[in-house]
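Student: Residue numbers (the working numbering), protein chains in the order written: chain W, 90 to 335; chain S, 10 to 91.
Some hints here could point you the wrong way.
Stated by the list, open to error - Using 20 Å as the maximum straight-line C-alpha spacing, the simulated DMTMM-like pairs for lysine to aspartate or glutamate come out as follows:
1. W:Lys217 to W:Glu251
2. S:Lys58 to W:Glu255
3. W:Lys283 to W:Glu227
4. S:Lys52 to W:Glu307
5. S:Lys49 to W:Glu270
6. W:Lys283 to W:Glu307
7. W:Lys258 to W:Asp285
8. S:Lys52 to W:Asp288
9. W:Lys217 to W:Asp275
10. S:Lys13 to S:Asp64
11. S:Lys58 to W:Asp275
12. S:Lys49 to W:Glu255
13. S:Lys56 to W:Asp286
14. S:Lys21 to W:Glu227
15. W:Lys283 to W:Asp233
16. S:Lys17 to S:Glu73
17. W:Lys300 to W:Asp286
18. S:Lys56 to W:Asp285
19. W:Lys283 to S:Glu73
20. S:Lys13 to S:Glu53
21. W:Lys258 to W:Glu208
22. S:Lys49 to S:Glu73
23. S:Lys56 to W:Asp288
24. W:Lys242 to W:Glu225
25. S:Lys49 to W:Asp288
26. S:Lys49 to W:Asp286
27. S:Lys52 to W:Asp285
28. S:Lys58 to W:Glu208
29. S:Lys52 to S:Asp64
30. S:Lys52 to W:Asp286
31. S:Lys49 to W:Glu307
32. S:Lys56 to W:Glu270
33. W:Lys283 to W:Glu208
34. W:Lys300 to W:Glu270
35. W:Lys242 to W:Glu252
36. W:Lys258 to W:Glu270
37. W:Lys217 to W:Glu270
38. S:Lys58 to W:Asp288
No lab work stands behind these hints, which were simulated from the structure alone.
Every value quoted in this text rests on a predicted model; they were computed, and no experiment measured them.
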Amino acid sequence: VELVTHNMYERRRLACRMPMQKWMINVRVCIYISMLVYMYVHCSLSPVSPVSLVHRLIVIHTAVAVAQAALHLTTQNRMMMLSRSVLSASSRRLAVKAFMSTEAGAAGTMTLNFNLPHESVYSGAQVKQVIVPGAEGEFGVTADHVPLVAQLKAGVLQIIHEEGSEPEKYFVPGGFSLTHENSTTDISCPNAVKLDDIDSAAVTSGFEAAKAAYASAEAGSVAQAEAQIDIDVNRALGNAIGLSLV
Amino acid sequence: ARRKDDDKQPPKMSTPTTFWRLAGMSYMQYVNRAASCVTKALKEPAKSKALARSDFSYNASVWEAGTQGTKTNVTTFSAAGK
């Protein structure tokens, strides 16, 4: 916003954000003017020599300048500093409030919606914690978690229903996890299988076939990318059931 | 029905990104490939249940100048779109 004004006083007034500051400037100007008026009246009423008049002018101007400076330092700056800290504190509080979720369920539980295209595994279930295999790393979500959107990688999703209970595990090939402000987490995956349903022989043979396909595929082609996907997913499947495929 | 731009491939990206994007795959193709990889690694009976979910079948026919052509039953991806 460009201040289109050449008047220094007006510019100073407009630059003051708080009305108190504007009032303070008026007070300073009034003090200045009243001092000048007093000096003029005093000098004109009493017969004095020009030298002492000049001396008096200088003294009064200095006093006015000192008073202005004192007022500026004690009131304006402090008020400006105060307003700045107040503004930043309140804006900080607002930002914290916006990012912090506050509606935890009974006894610190979170709501879980775990959905597949063909089946809704959990809808509105109250659980203690969910451990999610994010693409950038594994992380856990409990009640009052900060809102988060995470892409999942092939890995194990663990759901802890109660404090200290064994986690319920599902292997997911990918998907997305969205944690909302009200302690609700939506997890959508194309498929989710129990670890008991995974065949270790099929995983090993799939891994070897994928490695061979990768070696024989053209660099940068879709076939090589598909082989890479197969390698990654089979390795993750192996890790889930206790094999270590290299 | 086939659209005019069905033959156009998505643009191949060269900026730093995932390997499947660089090869020209979309996220849907990537995640569905990963899901089919998981399905192949299942034990019976979970495997046949999962494979049955992706079964499909429909009758396709080509219309020309307002008349319907012969109907063919499509059940595999390779026969689809022809």
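Student: Against each hint, give a clear statement of whether it holds in the structure.
Tutor: Hints and how they fare:
Our distance criterion of 20 Å between C-alpha atoms is met by lysine 217 of chain W and glutamate 251 of chain W, whose separation comes to about 5 Å. The suggested pairing of lysine 58 of chain S with glutamate 255 of chain W is violated, with an alpha-carbon distance near 27 Å, which exceeds 20 Å. This hinted pair checks out: lysine 283 of chain W and glutamate 227 of chain W have alpha carbons roughly 19 Å apart, not beyond 20 Å. With a C-alpha separation of about 32 Å, the suggested pair lysine 52 of chain S and glutamate 307 of chain W falls outside the 20 Å cut-off, and the hint is violated.
Restraint check for lysine 49 of chain S and glutamate 270 of chain W: not satisfied, since their Cα atoms lie roughly 38 Å apart, outside the 20 Å limit. Restraint check for lysine 283 of chain W and glutamate 307 of chain W: not satisfied, since their Cα atoms lie roughly 35 Å apart, outside the 20 Å limit. Taking the CA atoms of lysine 258 of chain W and aspartate 285 of chain W, the gap is near 10 Å; set against the 20 Å cutoff, the hint holds. A hinted pair counts as satisfied when its Cα atoms are at most 20 Å apart, and lysine 52 of chain S with aspartate 288 of chain W qualifies at roughly 5 Å.
About 15 Å separates the Cα atoms of lysine 217 of chain W and aspartate 275 of chain W, which keeps this hinted pair within 20 Å; it holds. For the hint pairing lysine 13 of chain S with aspartate 64 of chain S, the CA-to-CA distance comes to about 27 Å; that exceeds 20 Å, so the pair is violated. Taken as a hint, the lysine 58 of chain S and aspartate 275 of chain W pair is broken in the structure, with Cα atoms around 25 Å apart against an allowance of 20 Å. A C-alpha spacing of about 28 Å is found between lysine 49 of chain S and glutamate 255 of chain W, which places the hinted pair above 20 Å, so the restraint is violated.
Taking the CA atoms of lysine 56 of chain S and aspartate 286 of chain W, the gap is near 8 Å; set against the 20 Å cutoff, the hint holds. For a cut-off of 20 Å, the pair hint linking lysine 21 of chain S to glutamate 227 of chain W is broken: about 30 Å separates their Cα positions. The hinted pair formed by lysine 283 of chain W and aspartate 233 of chain W fails the criterion: a straight-line CA distance of about 28 Å is larger than 20 Å. The suggested pairing of lysine 17 of chain S with glutamate 73 of chain S is violated, with an alpha-carbon distance near 23 Å, which exceeds 20 Å.
Using a Cα cut-off of 20 Å, the hinted pair lysine 300 of chain W and aspartate 286 of chain W is violated, with the two alpha carbons roughly 23 Å apart. In summary, the hint linking lysine 56 of chain S to aspartate 285 of chain W is supported, as the alpha carbons are separated by about 12 Å, within the 20 Å threshold. In summary, the hint linking lysine 283 of chain W to glutamate 73 of chain S is not supported, as the alpha carbons are separated by about 50 Å, beyond the 20 Å threshold. Between the alpha carbons of lysine 13 of chain S and glutamate 53 of chain S the distance comes to roughly 42 Å, so the proposed pair goes past 20 Å and is violated.
For the hint linking lysine 258 of chain W to glutamate 208 of chain W, the alpha-carbon distance of about 17 Å falls within 20 Å, and the restraint holds. Restraint check for lysine 49 of chain S and glutamate 73 of chain S: the C-alpha separation of about 41 Å exceeds 20 Å, so the hint is violated. At most 20 Å may separate the alpha-carbon atoms for a hinted pair to count; lysine 56 of chain S and aspartate 288 of chain W meet this at roughly 10 Å. Between lysine 242 of chain W and glutamate 225 of chain W, the direct Cα distance comes to roughly 8 Å. Compliance with the 20 Å bound is thereby established for this hinted pair.
Of the pairs offered as hints, the one joining lysine 49 of chain S and aspartate 288 of chain W holds, with about 9 Å between alpha carbons and a cut-off of 20 Å not exceeded. A threshold of 20 Å between alpha carbons decides the hint, and for lysine 49 of chain S with aspartate 286 of chain W the separation of about 11 Å falls inside it, so the pair holds. At most 20 Å may separate the alpha-carbon atoms for a hinted pair to count; lysine 52 of chain S and aspartate 285 of chain W meet this at roughly 9 Å. Note on lysine 58 of chain S and glutamate 208 of chain W: the hinted pairing holds, with a Cα-Cα distance of about 13 Å set against a maximum of 20 Å.
As the CA atoms of lysine 52 of chain S and aspartate 64 of chain S are separated by approximately 18 Å, the hinted pair is consistent with the 20 Å bound. This hinted pair checks out: lysine 52 of chain S and aspartate 286 of chain W have alpha carbons roughly 5 Å apart, not beyond 20 Å. Between lysine 49 of chain S and glutamate 307 of chain W the CA atoms are separated by roughly 24 Å; this puts the pair beyond 20 Å, and the hint is violated. A hinted pair counts as satisfied when its Cα atoms are at most 20 Å apart, and lysine 56 of chain S with glutamate 270 of chain W does not qualify at roughly 38 Å.
Of the supplied pair hints, the one linking lysine 283 of chain W and glutamate 208 of chain W holds, its CA atoms being roughly 14 Å apart against a limit of 20 Å. Annotation: proposed proximity of lysine 300 of chain W to glutamate 270 of chain W is violated, straight-line Cα distance about 43 Å (limit 20 Å). A hinted pair counts as satisfied when its Cα atoms are at most 20 Å apart, and lysine 242 of chain W with glutamate 252 of chain W does not qualify at roughly 26 Å. For the hint pairing lysine 258 of chain W with glutamate 270 of chain W, the CA-to-CA distance comes to about 25 Å; that exceeds 20 Å, so the pair is violated.
Restraint check for lysine 217 of chain W and glutamate 270 of chain W: the C-alpha separation of about 16 Å stays at or below 20 Å, so the hint holds. Taking the CA atoms of lysine 58 of chain S and aspartate 288 of chain W, the gap is about 15 Å. The hint holds against a cut of 20 Å.
In the structure shown, a violation is registered for the earlier hints numbered 2, 4, 5, 6, 10, 11, 12, 14, 15, 16, 17, 19, 20, 22, 31, 32, 34, 35, 36, in ascending order.
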